[in-house]
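Undergrad: Below, each chain spelled out in residue letters.
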Amino acid sequence: MNTELLGVIATYAITLLIAIPLGRYIARVFRGERTLLDFLSPAERLIYRVCGINPREEMNWKQHLKALLTINMIWFVYAFFLLVFQDRLPLNPDGNAAQTPDLAFNTAISFLVNCNLQHYSGESGLTYFTQLFVITFLQFVSAATGIAALIVLFKAFREKTTTKLGNFWEILVKTNTRLLLPLCVIIALVLAFNGTPASYAGKDTIVTLQGDTVGVSRGPAAGMIAIKHLGTNGGGWFGANSIHPLENPSYLTNMTEAIAQMIIPIAMVFALGFFINRRKFSYIIFGVMTAGMLLLLIPSMMSEMNGNPAIAQMGIAQPTGAMEGKEVRIGPAATGYWSTITTIISTGSVNGFHDSTMPLTGLMQLVAMMTNCFYGGCGVGILNYFVFIIIAVFISGLMVGRTPEFMGHKVEAREIKIAALVALLHPFLILAGTALSSFVITRQPELGWLNNPGHHGFSEMLYEYTSAAANNGSGFEGLGDNNIFWNVSTGFVLILSRYLPILGPVAIAGLLAQKKHIPASAGTLSTDTVTFGVMTMAVILIIAALAFFPALALGPVAEYFSLYL
Amino acid sequence: MKQYFFPALRLTLVLVLITAGLYPLLIAGLAKVAPGGGNGVTVKRGDSVVGYANIGQKFSDNRYFQGRPSAVDYNGAGSGGSNKGPSNPDYLQTVQERIDTFLAHNPGVQKANIPAELVTASGSGLDPHLSPAAAKIQAPRIAMLRGLPASMLTALVDQHTKGPLLGLLGPATVNVLQLNLALDEMK
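Those sequence lines, one after another, are chains P and E. According to this note's numbering, the first sequence is numbered sequentially starting from 144. According to this note's numbering, the second sequence is numbered sequentially starting from 2.
By construction, these hints were calculated from the structure, which means they are not laboratory data. Among the hints, erroneous ones may be present.
To be verified - List time: in silico SDA-like cross-link candidates among lysine to any residue, alpha-carbon distance up to 25 Å:
id : chain 1 : residue 1 : chain 2 : residue 2
1  : P       : K553      : P       : L332
2  : E       : K163      : E       : Y5
3  : E       : K163      : P       : A460
4  : P       : K209      : E       : G38
5  : P       : K303      : P       : L695
6  : P       : K303      : P       : T667
7  : P       : K553      : P       : I538
8  : E       : K3        : P       : A650
9  : E       : K163      : E       : P141
10 : E       : K3        : P       : N203
11 : P       : K346      : E       : K163
12 : E       : K59       : P       : Q353
13 : P       : K346      : E       : P141
14 : P       : K303      : P       : P462
15 : E       : K3        : P       : T146
16 : P       : K658      : P       : S539
17 : P       : K346      : E       : K45
18 : P       : K209      : E       : V17
19 : P       : K346      : E       : Y5
20 : E       : K163      : P       : N203
21 : P       : K658      : P       : K346
22 : E       : K3        : P       : S539
23 : P       : K346      : E       : K3
24 : E       : K163      : P       : P462
Said to hold, decoys possible - What follows is a list of derived Cβ distance ranges for each label pair:
id : chain 1 : residue 1 : chain 2 : residue 2 : range
25 : P       : L590      : E       : Q4        : 44 to 50 Å
26 : E       : L18       : P       : G175      : 38 to 44 Å
27 : E       : P108      : P       : P693      : 48 to 54 Å
28 : E       : A78       : P       : P693      : 29 to 35 Å
29 : P       : L437      : E       : V50       : 45 to 51 Å
30 : P       : S705      : E       : R64       : 26 to 32 Å
31 : P       : N626      : E       : Q94       : 25 to 31 Å
32 : E       : L167      : P       : M542      : 16 to 22 Å
33 : P       : I152      : E       : Q94       : 45 to 51 Å
Beta carbons are placed, not taken as given, at the ideal position from N, Cα and C, and that holds for glycine.
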């Protein structure tokens with residue numbers, strides 16, 4: 144068999160082999176059971192004492208959300224000011240300039256919300272200080288925020304009726320100490336021992352074999368690249384992200400980074416089952432998510448491996464597939480695979496430029512971010528999926544004429560309203576943003592944002608808002624996005640599309656958990672069956688397909704037909 | 002929200018210290034024993050550094066194996082691809098010109114044998130590799146200019162080919178800089 148395909152299959156297989164036990168481990172950590180890393184407890188107690196936190200103080204869902212929003216607000220202010228003043232701070236060996244306020248606004252929000260859209264290039268747009276104290280820091284804590292919100296939901300469904308959902312600070316600290324940091328150390332060392340820089344040395348200048356003088360950007364990148372993937376963040380140290388041969392030096396590091404970004408999203412699905420003692424429910428969710436992934440993955444890999452038909456027409460060989468924007472050591476199969484996983488799980492890192500992928504692959508990337516729940520980002524993936532579950536419960540209830548129930552709680556008007564609002568927010572932000580930017584660029588073509596004409600140019604704008612609303616962070620990078628219009632408009636999309644989809648599901652879970660528990664009976668619609676899985680899938684596809692089809696038809700679908708017919 | 006503000010502020014400081022202070026220092030410390038000591042792996046000829054193992058270089062001389070087109074002209078101070086869409090007419094024009102240039106510089110090569118990677122820009126602009134086929138197709142040209150038998154150059158490419166990971170996973174690659182250093186050694 145083709146070694147490139149075999150590489151992809153091995154990557155996914157190893158991902159599952161790690162994710163399943165990791166899911167069990169995560170459940171144990173947050174149920175307070177014994178684990179291997181319990182020797183960290185004294186350090187955690189020290190943190191609680193220094194911060195004046197009582198980890199045993201139980202919070203209800205409103206208190207959780209207040210704590211979450213408060214600390215996120217502090218992080219935003221902190222990050223914004225460091226970026227604006229980075230030129231005057233230490234650790235700036237390359238003498239890079241400060242970020243403009245609109246760019247700093249975009250960057251601070253983008254990393255705060257786990258999105259990692261980058262309207263700058265890492266080599267020149269940040270200093271080592273902000274790479275570490277803004278970017279790396281936010282990559283840890285934004286992932287932990289998503290996971291903490293999901294753990295609140297776990298706790299809500301573990302008990303029959305409860306308002307006590309654990310302590311937000313404790314969950315946040317433990318996510319870092321028990322999950323993110325230990326795994327990051329391992330991943331960072333794999334990278335560092337395979338050629339990724341990790342020291343604080345500044346940019347080097349060398350004279351090449353044929354006598355050109357060129358620079359080589361470096362820096363303490365290995366640790367950042369580890370959390371960039373493990374936390375489904377995606378923002379790169381270098382401008383070319385994981386395409387860069389120092390950020391992703393070999394096929395081994397490519398597999399490592401691809402595995403690192405998938406393990407927590409998949410592990411959380413299994414952790415849910417272990418945590419609430421309903422494993423079958425987890426397996427059904429995992430099945431639906433995996434089916435969704437395959438539906439997107441197979442066409443992407445096929446179209447990348449078949450190459451660009453316009454180049455085939457010129458009469459040259461494309462033995463491995465489409466190579467524009469890709470690297471030889473990675474190859475089109477692994478790039479096609481990565482382009483799907485990075486868009487379904489909201490990482491947004493790339494190992495080949497999406498702007499240059501085939502139209503069908505671009506379509507799949509967009510649909511992946513429009514659905515945004517096949518595994519999904521750290522924590523938030525399941526929160527998004529949960530919204531679709533609530534809608535599926537409601538619709539199934541109507542179809543069979545039963546009161547909608549979930550986990551033994553009646554789902555009533557208030558919960559449905561919240562779920563519907565969250566589900567509709569996503570298409571609204573994407574379509575309104577794309578419409579606005581299309582209008583502006585048509586009126587003022589001299590703004591010159593677009594790197595490609597025609598349908599593909601439209602796709603560049605659609606992609607940018609989809610990526611912002613999905614908190615993904617990848618881009619059709621040809622788009623000239625470092626200006627006030629894009630920095631500010633995507634900044635607002637980012638805030639709304641991060642916090643409402645966290646507030647909504649946590650509120651629904653909290654509201655349901657405080658209702659009276661109704662024991663399951665013959666009349667209960669059971670949510671851990673294949674039928675219900677199919678129903679959820681149908682809800683996801685209908686909401687994504689119906690809302691987005693016209694926009695997709697104008698962009699990648701039209702480009703597909705212009706290229707292949 | 003007031004009761005949450007001070008714990009949040011203190012926790013922020015503690016987490017900054019751990020994740021942005023201690024963690025990168027730990028990795029930098031451990032990486033000192035890695036190849037290149039965490040500064041990136043350099044390639045030397047004699048005593049002088051001629052490049053980085055993982056960063057591609059520009060070779061415009063026909064007497065060398067040439068790497069892929071680069072959107073940043075192989076200057077590792079930055080990085081990036083062309084970001085051209087597959088249907089962009091200007092882009093397709095550029096690819097056509099690269100094919101014509103390649104054919105003009107490599108007489109005797111069949112167009113159908115040119116691998117796409119030689120006429121498409123890499124994503125990073127710093128791709129240090131070629132596939133063995135893309136290196137071998139340049140062998141006759143270099144052999145002629147250097148007065149060496151082409152079979153020797155093909156053998157040199159084979160010698161410098163790194164197979165798939167564990168012989169099973171991913172593509173085979175040739176590092177162009179290493180290959181050209183070895184080429185200069187040949188008499």
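Undergrad: Now, for every hint given, state plainly whether the structure supports it.
TA: Each hint, compared with the structure:
A distance of roughly 49 Å separates the Cα atoms of K553 of chain P and L332 of chain P; the hinted pair therefore is violated under the 25 Å criterion. A hinted pair counts as satisfied when its Cα atoms are at most 25 Å apart, and K163 of chain E with Y5 of chain E does not qualify at roughly 56 Å. Between K163 of chain E and A460 of chain P the CA atoms are separated by roughly 22 Å; this keeps the pair inside 25 Å, and the hint holds. Taken as a hint, the K209 of chain P and G38 of chain E pair is broken in the structure, with Cα atoms around 45 Å apart against an allowance of 25 Å.
Our distance criterion of 25 Å between C-alpha atoms is broken by K303 of chain P and L695 of chain P, whose separation comes to about 43 Å. Distance restraint check for K303 of chain P and T667 of chain P: the Cα-Cα separation of roughly 16 Å lies within the 25 Å cut-off, and the hinted pair is therefore satisfied. This hinted pair checks out: K553 of chain P and I538 of chain P have alpha carbons roughly 14 Å apart, not beyond 25 Å. The suggested pairing of K3 of chain E with A650 of chain P holds, with an alpha-carbon distance near 21 Å, which does not exceed 25 Å.
Straight-line distance between C-alpha atoms of K163 of chain E and P141 of chain E comes to about 22 Å, which keeps the hinted pair within the 25 Å bound. For the hint linking K3 of chain E to N203 of chain P, the alpha-carbon distance of about 17 Å falls within 25 Å, and the restraint holds. Proposed proximity of K346 of chain P and K163 of chain E is contradicted: the alpha carbons are some 29 Å apart, above 25 Å. Note on K59 of chain E and Q353 of chain P: the hinted pairing holds, with a Cα-Cα distance of about 8 Å set against a maximum of 25 Å.
Taking the CA atoms of K346 of chain P and P141 of chain E, the gap is near 38 Å; set against the 25 Å cutoff, the hint is violated. Between K303 of chain P and P462 of chain P the CA atoms are separated by roughly 58 Å; this puts the pair beyond 25 Å, and the hint is violated. The straight-line distance between the Cα atoms of K3 of chain E and T146 of chain P is roughly 58 Å, outside the 25 Å bound, and the hint therefore fails. Of the pairs offered as hints, the one joining K658 of chain P and S539 of chain P holds, with about 21 Å between alpha carbons and a cut-off of 25 Å not exceeded.
The hinted pair formed by K346 of chain P and K45 of chain E meets the criterion: a straight-line CA distance of about 18 Å does not exceed 25 Å. Annotation: proposed proximity of K209 of chain P to V17 of chain E holds, straight-line Cα distance about 21 Å (limit 25 Å). Our distance criterion of 25 Å between C-alpha atoms is broken by K346 of chain P and Y5 of chain E, whose separation comes to about 42 Å. For a cut-off of 25 Å, the pair hint linking K163 of chain E to N203 of chain P is broken: about 57 Å separates their Cα positions.
Only pairs whose Cα atoms come within 25 Å are accepted, and K658 of chain P paired with K346 of chain P is rejected, the gap being roughly 59 Å. With a C-alpha separation of about 43 Å, the suggested pair K3 of chain E and S539 of chain P falls outside the 25 Å cut-off, and the hint is violated. A threshold of 25 Å between alpha carbons decides the hint, and for K346 of chain P with K3 of chain E the separation of about 44 Å lies outside it, so the pair is violated. Between K163 of chain E and P462 of chain P the CA atoms are separated by roughly 18 Å; this keeps the pair inside 25 Å, and the hint holds.
Between L590 of chain P and Q4 of chain E the C-beta distance comes to about 47 Å, which sits within the given range of 44 to 50 Å. At roughly 26 Å, the beta-carbon separation of L18 of chain E and G175 of chain P lies outside the given 38 to 44 Å, and the hint is violated. Range check, P108 of chain E to P693 of chain P: about 52 Å between beta-carbon atoms, so the 48 to 54 Å window is met. The hint said 29 to 35 Å for the Cβ distance between A78 of chain E and P693 of chain P, and at roughly 43 Å that hint is violated.
Look at L437 of chain P against V50 of chain E: about 47 Å separates their beta carbons, and that is inside 45 to 51 Å. Hint check: S705 of chain P to R64 of chain E, Cβ distance near 42 Å, so the stated range 26 to 32 Å is violated. Taken as a hint, the range 25 to 31 Å holds for the pair N626 of chain P and Q94 of chain E, whose Cβ atoms sit roughly 28 Å apart. For the pair L167 of chain E and M542 of chain P, the beta carbons lie near 51 Å from each other, so the given range of 16 to 22 Å is not met.
Under the hint 45 to 51 Å, the C-beta atoms of I152 of chain P and Q94 of chain E, about 38 Å apart, miss the expected range.
This entry does not satisfy hints 1, 2, 4, 5, 11, 13, 14, 15, 19, 20, 21, 22, 23, 26, 28, 30, 32, 33, going by the numbered hints stated previously.
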